[in-house]
Structure formats: structure tokens, C-alpha cells
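Chemist: Assemble chains B, C and D onto chain A, guided by the hints.
Chain by chain, the residues run as shown.
Protein chains: 4
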Amino acid sequence: MLHYSLLSLNSIIYLACEKLAKKVGIIARTDREDAISTAAQIISRFEKENFEILLEPSLAELLGRSKSSTPLKKMRTDVIVTIGGDGTILRTCLRIPKPEPPILAVDMGVRGFLTEVAPEEALEAVDKYLKGTYRVEQCSKIASFVGDERLPDALNEVFITSRHLAKLLHARIRKNDEVVMDCRADGVIISSQVGSTGYSFSAGGPIIDMALDAFVLTPVCPITFIRPMVLPSSSEVSVELLMPKNAILVIDGDYQKEIDEENPLVIVKKSEYTSSFIRFGGSFYNRLKARLLFSREEG
Amino acid sequence: MLHYSLLSLNSIIYLACEKLAKKVGIIARTDREDAISTAAQIISRFEKENFEILLEPSLAELLGRSKSSTPLKKMRTDVIVTIGGDGTILRTCLRIPKPEPPILAVDMGVRGFLTEVAPEEALEAVDKYLKGTYRVEQCSKIASFVGDERLPDALNEVFITSRHLAKLLHARIRKNDEVVMDCRADGVIISSQVGSTGYSFSAGGPIIDMALDAFVLTPVCPITFIRPMVLPSSSEVSVELLMPKNAILVIDGDYQKEIDEENPLVIVKKSEYTSSFIRFGGSFYNRLKARLLFSREEG
Amino acid sequence: MLHYSLLSLNSIIYLACEKLAKKVGIIARTDREDAISTAAQIISRFEKENFEILLEPSLAELLGRSKSSTPLKKMRTDVIVTIGGDGTILRTCLRIPKPEPPILAVDMGVRGFLTEVAPEEALEAVDKYLKGTYRVEQCSKIASFVGDERLPDALNEVFITSRHLAKLLHARIRKNDEVVMDCRADGVIISSQVGSTGYSFSAGGPIIDMALDAFVLTPVCPITFIRPMVLPSSSEVSVELLMPKNAILVIDGDYQKEIDEENPLVIVKKSEYTSSFIRFGGSFYNRLKARLLFSREEG
Amino acid sequence: MLHYSLLSLNSIIYLACEKLAKKVGIIARTDREDAISTAAQIISRFEKENFEILLEPSLAELLGRSKSSTPLKKMRTDVIVTIGGDGTILRTCLRIPKPEPPILAVDMGVRGFLTEVAPEEALEAVDKYLKGTYRVEQCSKIASFVGDERLPDALNEVFITSRHLAKLLHARIRKNDEVVMDCRADGVIISSQVGSTGYSFSAGGPIIDMALDAFVLTPVCPITFIRPMVLPSSSEVSVELLMPKNAILVIDGDYQKEIDEENPLVIVKKSEYTSSFIRFGGSFYNRLKARLLFSREEG
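Protein chains in written order, with this note's numbering: chain A, -10 to 288; chain B, -10 to 288; chain C, -10 to 288; chain D, -10 to 288.
If you are wondering where the hints come from, they were derived from the structure by calculation, not from laboratory data.
Note that this is a predicted model, so its numbers are computed, not measured.
Cβ coordinates follow ideal geometry from the N, Cα and C atoms, glycine included.
One or more hints might be untrue.
[Said to hold, decoys possible] Calculated lysine to any residue pairs in the SDA-like style (CA-CA distance at most 25 Å, straight line):
| id | chain 1 | residue 1 | chain 2 | residue 2 |
| --- | --- | --- | --- | --- |
| 1 | D | 278 | C | 167 |
| 2 | C | 156 | B | 22 |
| 3 | B | 278 | C | 213 |
| 4 | A | 246 | D | 245 |
| 5 | C | 156 | B | 153 |
| 6 | B | 278 | A | 165 |
| 7 | C | 11 | C | 274 |
| 8 | D | 156 | A | 67 |
| 9 | B | 234 | C | 243 |
| 10 | D | 37 | D | 25 |
| 11 | C | 258 | D | 202 |
| 12 | D | 246 | A | 245 |
| 13 | A | 156 | D | 20 |
| 14 | A | 156 | D | 152 |
| 15 | B | 278 | A | 161 |
| 16 | D | 234 | A | 19 |
| 17 | A | 234 | A | 167 |
| 18 | C | 278 | D | 214 |
| 19 | D | 156 | A | 237 |
| 20 | A | 234 | D | 19 |
| 21 | C | 234 | B | 243 |
| 22 | D | 258 | C | 274 |
| 23 | D | 234 | A | 165 |
| 24 | B | 11 | B | 89 |
| 25 | A | 156 | C | 274 |
| 26 | D | 62 | D | 154 |
| 27 | A | 246 | D | 154 |
| 28 | B | 156 | C | 243 |
| 29 | D | 278 | C | 232 |
[Claimed, not checked] Now the in silico label distances, taken between C-beta atoms and shown as ranges:
| id | chain 1 | residue 1 | chain 2 | residue 2 | range |
| --- | --- | --- | --- | --- | --- |
| 30 | C | 36 | A | 270 | 52 to 58 Å |
| 31 | B | 107 | A | 200 | 37 to 43 Å |
| 32 | B | 229 | A | 37 | 18 to 24 Å |
| 33 | D | 250 | A | 62 | 40 to 46 Å |
| 34 | A | 243 | D | 245 | 37 to 43 Å |
| 35 | C | 249 | B | 171 | 36 to 42 Å |
| 36 | B | 124 | D | 200 | 49 to 55 Å |
| 37 | B | 41 | C | 235 | 40 to 46 Å |
| 38 | A | 243 | D | 243 | 28 to 34 Å |
Just chain A, with the same shape it has in the complex:
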């Protein structure tokens, strides 16, 4: 009992301090004026609530707030607001310190599966966040290793492709120590659940329910008859380059790493970290339907 009371007291003190010191990080597409002006409105709203504002340097400069300028790698905050598309989110999640705070994702982009909030609802969403009327959606991330090096966690996918255009990747893929497939293809995607709606989808992969702890292996333009495969994400997946023994690894369409003969092996596991998103309404399947419709209209 006593122990419990102390704990509660600690919590109250902690929460109080937190309130004084709350920080929000804001990341926006700086190539779109509407994204920048939305950022400015959101900043005002958070300042009213005495949040400390941290801005990506390019945005800070555009808004004349150099004091707020903080690189993504140092952006330790209570919450992040992204104003852009999935690309903005992926770029952010790749770089911010771990564990990641929850992200409120305003949609100003084209490819918006991770985003939820329309630009005109951005302030309302911030208000709901401040009132606590939201839920948090956890998304698994993927850890990958080349030799001794751990690469940044992927939210969507790890993509391994031949280094030269129009040359095939020939790779042997194992689950734990068992050979799952030999893949001769432009490349191979190892996707998370949420990533199953991204590049893996474009390459012909299935949709994976968010509640299923799974990886999808999706070959890209294979010359052999292999199909996407779905594996438990408790397994360790390895991709061994057979010939040639070099390739490029791309994480979330952003981070790139060259792989060569020295370590022609990539190990992929479920990360101990997650990305988390502040959600107000729409479920995974609502967003799925909307996103598919959206990309159709684009086309």
C-alpha cells in the first residue's frame, strides 16, 4: 500500500514537471507553402499551451525562428507533428532519437497511408490531442544488420536491390537457418505490417493486418516463379548475396547503404522499438480504403 502511494505521488510530481516542460517537434514539407503556413498555425496553438517548440532547421529558418532550430537527430520531444505525406513521416522516424514519441500526422502529401488528419482539420486535431481525446496506434519497426553495424530501424521496409540498373540480384533468403527462397530479381523487400501498404503493395504484396506480427518478403520483378511470403516477425530473416556479392540496401525509401563482398549478408529482425501515431477516428481499414481511392485519383 505504502509503496503504491509513493509511486502515485511520484507520478503526480512527474506529470506536473512534465506539464511545465512539454516539448513538441514540428516537421513540415518546406517545398509547399500550405504546409509552412499550417506549421505556423500549429506552432501558435502549442505555444498557447506553453509547449517548447522544436523545429527542423530548414523550417525554423523559413519561419524566422532560429532559436527553435533542432536537427531531427536531437529532437527529443513529447510529441511530434509532421505536416506532409508518408515520406515526411518516414524521414522523421528514421532519424529522431529512440524511443520515439507519438506522431500527429497532418496530410499534405500525395501518398498518405500513414497520415490521417486533413490540413483543414489540423488545428482541431491538435486541440483533441491537447485534451487527450485520442488513441495511440503502435507500429512495429524492423531492425537490420550488416556485419557488426545496426542500421536505422525501418518503419515500412528494408529493400535490397542490385547496385546496377538492369542487373539482377541473386540472393538466398533464410528464415532462422532454413532456406526460404532463392530470389533472382531486381530486388527483394522485407516489409512490416504497415509497410505492406507501401512499396511492397506496389510490387504485388498482400495487405497485412496491423495486429499480425509478421514480415512480408516481396520479390521485385523476379525472373523465377516466386510469390510474396509472409513470415512471423519473431523469426530472423537473412538475405545472403550470392552473385554478385554487392547490392544497395534502402530503408524506407530514404536511407541507403552499400553492401559488398566483405559482408554480403543482411540480417533482419523485429526491432525493440515502435513508431506510434496519434489517431482520432479512422481505423487501419478505413485508411486503407481511402488511400487506395486517393492514389487512384492521382493516376
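Modeler: Only chains B, C and D this time, still in chain A's reference frame:
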């Protein structure tokens, strides 16, 4: 302690009795002479070990062993040997009493993903089985319900299709109570892991690792842009017929049930039962590779 | 010169006579009130221009115009108006006497690739037709033969499928006398250009440009690794049933014919007839985009 | 008349000289010893028949025949022998002077759809060629233009892809002047008939019969719902880069050209040239079946 000893004693007595009374059920394709002669050889081998032999009536008749004749529905045995293809196995698993004994599957068919043992290795496999040098592979099964009726468990898939050729099924599919997709298609498949290599594969579905507790929803010839989806098999999946409110449900390509306006709703869950297979070597992925190669040569 | 004048005179007389005797056939979905009322409006418009009105019996009855009642098979007219979806058009083209008059297709259905005119534009479209401000789009049709019998021409596709649910069709397909593929599948579609947007599309087939004289062979849920193939429609395509030697042939999702051991061979060629459509604006690719978008919204 | 006679005389003289001076060009994979030794045997055989031998410089060096060394661009011969895989053929056809002589293609590669002759049948094939017991298979080629520049003709395909890994290409594709599709994808392939079995196939495209004068447009990993399309090769296809206005164009997996803002438009037409292959037996569909089987075994 005492309780434990009694239990052990009981077990020993039980095992001893079992040894005296062991039973094997043998099911073979009766349209193929090689299957029938293989059956005869396997029977001899089991008789030497004092197994009681139970045969499907059609096979019993062909072999002149009417005393052994037992319908599948009453075939309670310690082990089953099937001599045929996947169709023979699926037919057997649909009908034998639950829980099912392990199956030793000799391949005499065309579409052999579930089978493992080549005809010429059949006797050797029986010997290994008798010596206990094998492992057992458990396969999840799917329970389905229409109104108050529970249908036979599926090993591969539950397929719901419009009752009339060239007419569309229009169905709403839910996971628990959430709408996952509206499907306008020739039909929709709900497949198990092992079923992901069967009809679902032909309809464009992904391969699911045996260790992943999942269903695949695979639309067949959809007119809308939907993709196969993979859901946790801990979820309850429902298929509601929208228009027309009738359809045919087919389990494992064999059992058929008409669905009509009275109960235009099918509920699908993971069954409490499994099918189990006696395996000697090849893993899931070995069989997968072999099967794909095999069907290629057929084509 | 003289010759030319005479010809012109003849034309004038001919056109004058035509004017007196012009006939329009009207076919509508009778399960939809909006289709019936649109039919009534279109009838009035044509009557003002002294067209003789021919109606399908069910529509004639609903509109109390039994004198106009004419079965599709006897509906010889100068123009046809269909009010419904692609199904209404396909049903009409299957049955009306050959060669077919041009069709003005009002869209009141769900699956509208062949249709062009929205319901609210129906009267305007009739006016444009009467003024001659339209173009005619010719669509190739497919002739098929079983033994000595010529079946009705297909506008979209000839589909050959196994007679029993969940049983495979095993067929050998030849182009002229060369084996093109052995197909083990639920069925196989031989589609025209325009049919490439219909059932063949749902089964994974490519889109064929209207100007390309081609058939698409699209296997439906094949168990072997075969892909849709595109052949010149100047070739004769044959489908030989290997095992079992029976199947069902379905033309345009409507006409059905059983095929059995007596003649387990279907011959498919380009027909000498075409279907033709009155078009006002949108091209093939506009309709394609719109239709795909439309079916998406449905889903 | 006189003119005609002279011409005939000239032809006769020319043909006579030709007979004396027949030339064979030999191109082999120089990374494989079996290819080099096969080349040596084939050279002997052609020398017995008094052919002049022309060798690619790298092969000439390896065989110590520097006098025969001739770059592909200057290799004007009566016949070409390639010893390798499809890559060797594609590389040759891209570079040799037009019009191209027929090619006798010995298979020493992995991806052999264009090749026909197995290594052990190479000398027999040369003998058949010398006796004239063969047929010639003509394959259409694709001409492409960027601004005023005509690029080398493609035998298999023209592939246009974004310049940066993991960035989308956004392109508008027209047939003559009509918009066919807006494509947001990793890239888009315009394939010939024979190319339909190559990269286009890996990207999900259909197989096109050699006798059908057609292009296939196959999007690679599209984010929108577009499907491969088949167009008459009498049409002019243009690919306009929308955003970004730069890309890389790859012909037959070999020749590369950067496209930028200056001329963000690629025009593609049927070439006036063809590639032609010396064939002894197997038809297109035999090779297709064999190739598919082959690539399966590789995987």
C-alpha cells in the same frame, strides 16, 4: 507424488493395451492401380506389426477384405495412411472423427503439397514410422458456422462463391466487427497457412509460413481493386452476403453447402482441432519448392 | 457526272424512304424504375421523329405498349437503345439479328465499360443521334464452334470452365495447329479487345487497345505457371478438353452450353460480324479510366 | 530493259564475290571457358568453308587471333554466331551495323529465351546452317527518340525509370496523341513481342505472340491501379516525364541514356529494322515452355 505414480502406472497400462490394439486406417485412390497395389504392400507391413487394419469400403472391396471395411466417419485409428494426392488427404481430414490421428501421406497424385513420401519410398516410410523416427507437423484448421450449424473443419480453405456461373458475389467481410473489405468477385477464399499453397495460391494469394497463426483472405477474380489480406487467426472473420443473399460454400474443394437468405452470414474462426502429418525430412519450404516445380512440369 | 447524279438521287430517295420507315429498338433493365422512366422519355423523343418503336416484351408490358412488343431475336431496327449496364448490352448483342445496328448505350448499371451516356444525358444523346453528330465505334466479336454447331458470337469473351465447382479444367490450347499452352485451371477465357476490360481483366489479363486485332487467352486460377497470352485474332484458337472431357462454355456471362465427350473441342475465331456503338465523346481510354474509378468506388 | 539487265548482271557479280568472301562474326561470353572453347570449334568449322572470321576484340585476344579482331560496330557479316545467353544477343543486336545479318544463337547463359541451340549441338547447328536447312525468325525492333536523337533500336524493350533509387517516375503515356495512362511507378517498360518474355514478363506483363504486331506497356511497381496494356506497334507511343523531368532510359538492359528537362519526352515506334534468328526446330511456344521451366529450376 502418489497421484503422479498412479498416473504413470495408468499410462503404462494404457500404452501396453494400445500396443496390442493399434489400428491403422488406409485410404487410397481406387482409380489408380499403383495406388491399390501400394496399399496392399502397406497393409502387409502393418499386419506384421499386429496392427488392426481399417480400410475405406471401396478399397476393402477391391482388395477382397470386407472385414476391414470401415467408413471414414467411423475410422478411429492410431494412424492413417493416405495413398493419393492432396485431394485424398483433404477428403480424409474432412470426414474422420476428431481429434485426428497423424497421417502418413504417400504421394500418388498430381497436386502434392501436403504429401511427402514418393510411392517407391512408401514401405521405407512405414518402417520409419514404426520405429518412431519421424516428426509430426501440426496444421491449423478452420471452423466455419452458418446460423447454428458448425460445418466440417477446413484444412486448406473455406471458399464462398456465387451460386450461378458468371454471376458476381457481393460480400462484406469483417474482422471481429470491423469491415475489412467489400468484395465483388467470383468468390472469396479464407485460407489457412497450409491452404496458402492451394487454391488461394492459384487465385494470387501469398505463401504463409506454417508458424504464423494467420488466415489469408483471397478474392477470386474481383472486379474492384482489392488485394489478398492476411489476418491473425485469433480473429473471427465474417462474410455477409449483400446481394444476392445466396451463395455456395465449398470446404477443401469437397464439402458443399448452400447459403441462402435465411442465414446470409458465414462465421470463420480457428478450429480447436488440427490435422497432423508424419514427416521424415523435407521442410515446408522444400515441399513448396518441389511442388511448384512439379506443377510446372505438368503444365 | 451523270452516274454520280443518279447515285445522289437514289440516295435521296432511299433516305426519304428510310425516314418514313425508321425503327428503334429499346431494351431496359426492368428491375429499376429509373431505367423504365428513362425508357418512356426516350420513346417519346423517337416517336416525335416518327420512328417505329420496338420494345422487349417485358418492357412493353410494363409500359402498356403491347403493340410494340418484339422479342430480341426478331428486333430488326436501325438503331438500338439500351438502358442498363454492360449486362444489358451483352444480353442484347447476343440475341439481336445479325448484322447488328448501332447501339446507343445509356448507363444505369454498375459495371459500365461499354456504356457511355449518363442517365441525365440520355435525351440529349438521343438528340445528337438524330442530328447525326456522333461517331460509331466498331467492336470485334468472337465466333465459337462446338462440333458442327456455331454458337452465338461473343462481344466480350468465351469462357470455358469445368462443370463442377472446385474441379479443375485440364485443356490444351492451340493457335492454328500449334500448342500454345496446357492449362490446368478453374477455366480459361478467350477475350476480345473490348472484353479485355471485363472478366479477363478481373482474372488478371492485360488491357488490349481497340485498334489491335487480338484475342487474350486468360487462365482463371491456374495451378501451373502460365500467364495471359495475346494472339492475333486472325488465328484460329482451339481448346481441347483433356480430362475430364466435359465442361461448360459461357458466352458473355449469359449464354451457356455444355460440352461433353462427343465433341470435347471448342474452336474460336474472329467473327465476320461486329457490334457497334454510338459514341459522342469519350475515347476508349477515357472510359477505361472512368470505369476503373467507378468500380473502385463501388468497392 | 537495259537498265534491268545491268542490274541483274551486277547482282550476279556481287553474289559471286560474296560467295568467295563470306564472313561470319563470332561473339562469345569471355568469362566462361566452355563458351570460348565452343567458339574455337565453331571458328574451325567456318574456316573449312572458307568463311572470313570476325571476332570481338576480347575474344580475338583470348584466342590469339588479333587479325580477326573487329569491334561490334564494324562487324558487317553474312551471319553472326553468339555463344552465351540472351544478354550476349541483346548486346550484339544493339551494336552491329544495320540491317542485321541472321544470328545463330548458342545457349551458354542462364536466361535463354532468344537462344535455341544447346552447347553440345552447336557444331551440328553450324552444319545445318551451312547446308541451308534452317528457317529465319524475324523479330520486330523498337526505335526510340529523345529530341532529335535516335537511340539504338531495342530488341526486347525500352525501359524508362526514375534516376534515383526509391523515387517515383511520374509519366504521361500517349498513343499517337491520346493519353493512355498516367503512370506513377518505379518505371515503365515498352516491350516488343519477343521482349514480352523478358523484363516485361518479370514485371507482370502478358506474353505476346510473335505474329502480332504489338507493343506492351508494362508499369513497374506502380502505386496506382494500372495494368499492362497492349497497343498496335503501328502507333507512336510517347512517354512524357511530368515530375521530376528527368529519368534514365535503358535499352535491352544495356544501353543507358539520361533524360532531362531539356527534352523530357521519349518517342517510341516500330523500327524499320528487325533482328533475325536462325532456327532449326522449336517454335516460340516450345522455347517459351522450356525457358519458363529453366528459370524455375534456377530458382
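Chemist: Take the hints in turn and mark each one as holding or not.
Modeler: Comparing the hints with the structure gives:
no., hint, in the structure
1, 278/D to 167/C, "holds, 13 Å"
2, 156/C to 22/B, "holds, 22 Å"
3, 278/B to 213/C, "holds, 13 Å"
4, 246/A to 245/D, "holds, 24 Å"
5, 156/C to 153/B, "holds, 16 Å"
6, 278/B to 165/A, "holds, 18 Å"
7, 11/C to 274/C, "violated, 33 Å"
8, 156/D to 67/A, "violated, 31 Å"
9, 234/B to 243/C, "holds, 20 Å"
10, 37/D to 25/D, "holds, 19 Å"
11, 258/C to 202/D, "holds, 18 Å"
12, 246/D to 245/A, "holds, 24 Å"
13, 156/A to 20/D, "holds, 17 Å"
14, 156/A to 152/D, "holds, 15 Å"
15, 278/B to 161/A, "holds, 13 Å"
16, 234/D to 19/A, "holds, 20 Å"
17, 234/A to 167/A, "holds, 20 Å"
18, 278/C to 214/D, "holds, 10 Å"
19, 156/D to 237/A, "holds, 14 Å"
20, 234/A to 19/D, "holds, 20 Å"
21, 234/C to 243/B, "holds, 20 Å"
22, 258/D to 274/C, "holds, 20 Å"
23, 234/D to 165/A, "violated, 44 Å"
24, 11/B to 89/B, "holds, 15 Å"
25, 156/A to 274/C, "violated, 34 Å"
26, 62/D to 154/D, "violated, 32 Å"
27, 246/A to 154/D, "holds, 12 Å"
28, 156/B to 243/C, "holds, 9 Å"
29, 278/D to 232/C, "holds, 21 Å"
30, 36/C to 270/A: 52 to 58 Å, "holds, 54 Å"
31, 107/B to 200/A: 37 to 43 Å, "holds, 40 Å"
32, 229/B to 37/A: 18 to 24 Å, "violated, 47 Å"
33, 250/D to 62/A: 40 to 46 Å, "violated, 34 Å"
34, 243/A to 245/D: 37 to 43 Å, "violated, 25 Å"
35, 249/C to 171/B: 36 to 42 Å, "holds, 38 Å"
36, 124/B to 200/D: 49 to 55 Å, "holds, 54 Å"
37, 41/B to 235/C: 40 to 46 Å, "holds, 41 Å"
38, 243/A to 243/D: 28 to 34 Å, "holds, 30 Å"
In summary, the numbered hints that this structure violates are 7, 8, 23, 25, 26, 32, 33, 34.
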